Each structure stands twice: as structure tokens, then as C-alpha cells.
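Heads up: the protein sequence lines correspond to chains A and B, in order.
Each residue of the first sequence is one higher than the one before, starting from 5 at the first, in my numbering.
Each residue of the second sequence is one higher than the one before, starting from 51 at the first, in my numbering.
One or more hints might be untrue.
Which stretches of chain A does chain B cover? Using the computed rule of at least three CB atoms under 8 Å from a CB of chain B, they are [what the hints assert, rightly or not]: (1) 150-158; (2) 165-177.
Simulated coverage check for chain B against chain A, where a stretch passes if three residues somewhere in it have a Cβ under 8 Å from a Cβ of chain A [said to hold, decoys possible]: (3) 159-167; (4) 207-217.
Read the hints as simulated data drawn from the structure, not as lab findings.
It should be emphasised that the depicted structure is a prediction, and the values quoted were computed from it without experimental measurement.
Idealized CB from N, CA, C, for every residue including glycine.
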Amino acid sequence: MPTTRDLTIPLLSLIALAAIWQLAAMLAGSSLLPAPMAVFEVLGREVASGRLPHHLGITLLRLAASFGLSMLLGAAIGIALGRSPRLDRFFDSWVVIALNIPALVTIILCYVWFGLVETAAITAVVINKLPNVIVTLREGTRHLNRDLLEMAAVYRFGRVATLRHVIWPQLFPFVLAAARTGLALIWKIILVVELLGRSNGMGYQLHLYFQMFDVAGILAYSIAFIGVVQLIEELLLRPLDRRAQRWRR
Amino acid sequence: MSGLTLDIRRKRYRGGPDTARPIIENLYLSVRPNEFVCLVGASGCGKTTLLNLVAGLDREFEGAITPDPAGANAPRLGYVFQNPRLLPWRTVRDNIVLALPDDHDPAYIDHLFEIVGLSEARAVYPERLSVGMQRRAALVRAFAINPDLLLMDEPLVSLDPPTARRIRELILRLWRERPHTVLFVTHDLAEAIALGDRLIFLSAAPATVIGDVAIPTPRELRDTAAIDAFGSQLRREHRQLAGLL
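Modelling step: build the complete structure from the supplied sequences, incorporating the hints.
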């Protein structure tokens, strides 16, 4: 993989997108579809005032907490189910049900049962994300290579070395896949959670702008959001992915 | 020093399509310390199953193996599987070091890499090597732990003849350097005659010992002609092995 990628085409495509947006805004001529420059002005103002960093930071904290919790719990449960067919037979229907509960239902129920508190918000996100992690890691555990496990047993690797050198490298791609899809899912759910029951965070701000019909504000916050997601992808997930792949032919 | 006694009354696989029929039945075999024994049998007769029992990987059978592979005085075990079974995400050297105790002698590992001709490939990931080289790395791993008992499951299958011959010589060289008990599984009679002190012939499943032949000829004198001659002698003297020879 070359260190500097050719950015001409992605850059051109972004400019094209902005041009279409500009054109549409000019044709519409309405404050309900502001031009790109207007949106970026709002974005600059919100960043300078500190409002956007504040709410974005809170959302990111919630994201980190719920993401970490659901990955840890989901991995533990998924590995356990993958290793024990009996456990899996019993809990499989639970997982299927959990996968199919609408996100909105868990959010509402968490707020109803636990009140409009932080714990309820985090719990709602974790419950939404958990089954997805469980299923992915269960799949990964089921596909652990038996030949290599036998080899590790014959050569007396011991528990820790087997986990670190034989099992973990095989599960890592699945963990990464769960992290990717999980992040995308949590981003979307966390906003709804904030919108329904929190008085800060990106979701709360979007709700505010919605009530004022301030489309420029909504778009400005969205752009900040997209930017952060891209940064996480580029700076965290992609390097991890490359690292996991480096031994392949 | 580790001799080995196998007394396997019955081994069958549960849940397979052929549950009722055992794969090994009434197999008795006693191996002296540092003896090089070749197990010869048609493919599918249960040779790999037998090695897995000896290795302690499969514990569901009726009978006994002494010393017990899971017991306290279990022999230090080297196992060359039919496929190399290297960790693809670790370099060749790391693959070998992982199998070793912490107080191993790095010079001996380098010596082994030297003999098998893998010195250049130590820092490489296994998938970038040819299958032959991977097999040699697997051999290094088995020898590096300085085993009391070495199990080899057709380690030369699917190698081209010159490579197979080189690795055969290598196995003998390493065995002479540090003697240990060997169970070498093969379906190739010539290979078995070239390597072993003793040949054990196994029947088709359920496997049992149907022939036990010592090879008196010193290994240095076992050229192609001598191996062929020994083979035809076996055919004349052991009618019960007709199906295998």
C-alpha cells in the first residue's frame, strides 16, 4: 500500500457534489436549502462559539462508553456461544429476538424504566448494538481453525499463549468487522437517544434546530459529524485493518 | 528415553456416518526407546487417528497408552502433521520459538534452520513460502523441542522426489544427532524401508497390526536396489500383506 494515495478523483467528486448542491440551492432559492457557503459559515460560528465542540464532545463520550461496553460484553457472550453448542442452542432464539427489536422500542423502554438519565441512554445504545457483536464474534469463534488449536495443544503453548498467538489473530478480523458496523449503527442510534431524553449532545442540538426549522444549522452539525466519523475510520480502523493483514500474501 | 506401549482395544467416532464400525480395534504395539518405527497402511485405515491418540489429542477410546500422553511423566512430544500447521500471522522463526520453553538454546534453532536450508526464510511469514519450505519449517519445530517421542504423519506426501529425498535424509540426520523414539506414518513402502528400524503393517479399518518386520540392513546400504530387494522379499515371505505391498 503506497503511503500517499492519489486524491485527485475523490477530490473532484467532492467538488462535483458541492457544485450540485450549490446549483440546487440557487434553483430552490429558499432558506430551507441553504447554499454550501452559508452552511460553512454556520459551522465556523458554532465551532468558534464552542457550542459545537461541547455537544460533539458529549456525544463522543457517550459513543465511547456504549461502544466499549457493547464490544466487551458482546465479545464475551459471542465467544462463549461459539465455543459451546449447547449454550448456543439455548440462547440462539434470544439473540434472534434481540436482533429484531426496533431501536426505538429499546430506547423508549429504557427511558420509561430507568428514567431520563445517562445510564438509560447508554444502556439503550448498548442493547441495540450488543446482538450484532454477539453474532459476529460467535461466527468467528465457530470458525477457529482446529488444526492450529491441536498444534498448540501438542506443543504445550498453554492458555495465555494459545489465546494470544492462536485464537486472537483469528478473531481479530471479526472484532474489526463488528467495530465497523457497530460504529455506524451507534452513530445513528445515539442521536435518537439524545433527541428523546437528553438535554445535550448532537441529537439534542439537531432537535433544537429542527424546532426552529434551521436547516443550515442541521447541515452544519451533520458535516461536523461526518468529518469525525471519517477521521475515526482513517486514523483508527484502517491502520488496524492493515496491521491485521500484513502477513497475508 | 521413552519407550511406548499402545494397547488400543477399540476406537470409534461418535456421530459419524459409520458409528457402529470401529476405526481401530485390538491394536497392540510395543516400541523400544529410540526406535524408529514406520507404520504402513492404506490411506483411510486410521493411521492419523492412531497418532492423535498417541499425542493425547483424542482421548475417547478404550484401552491404554503408556506413558499416558496426558499424565505427569508424558514424553516431550514432537508432531509433524500431514499439513504444516504453521501460524500464518507469525514469522517462521516465531512459529518455532512459540513451541519452545523459555530457556531454549537459540543457537540450536539456528543450527536446525541451517540444516534444512531455511536460514534465509526465518523472518518471513509462512504463506509466502512454498509448501515444501513450510514442511521443512514444521520439521524444525518438531526437532527444536528436542522430543522424546516424535510423531510424523506422512510428512513427505505431495513433495517432488528430490525434495522428498533431501528431507528424508534430513530426518535421519536429525534423529541420529539427538536420538528419540519415532512413529513415522506412511503409505509408501519404499520410504518406510529407507527410514525405519522396524515396519508395522496395519490392516484396513478397523486397523490392527498384521505385520511386524525388523529391517536388519544398515541404513547406509539401503540404496534403491536394496530397498527393492527387501520389498520383494517381504512380498514372498509375508502373504498376509499382499493387499498392502
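Right, here's what the structure says about each hint:
Coverage of a stretch by a chain is defined here by at least three residues with a beta carbon nearer than 8 Å to that chain's beta carbons; for the region 150-158 of chain A and chain B the count is 6, and the condition holds. Only residues whose C-beta sits within less than 8 Å of a C-beta in chain B count toward coverage, and the region 165-177 of chain A has 4 of them, enough to reach three; the restraint holds. Under the rule that three or more residues need a Cβ within less than 8 Å of chain A, the assignment of the region 159-167 of chain B is violated, with 0 such residues. Judged by the Cβ-Cβ criterion of 8 Å, the region 207-217 of chain B is not covered by chain A as claimed, because only 0 of its residues qualify and three are needed.
Violated hints for the displayed structure, listed by number in ascending order: 3 and 4.
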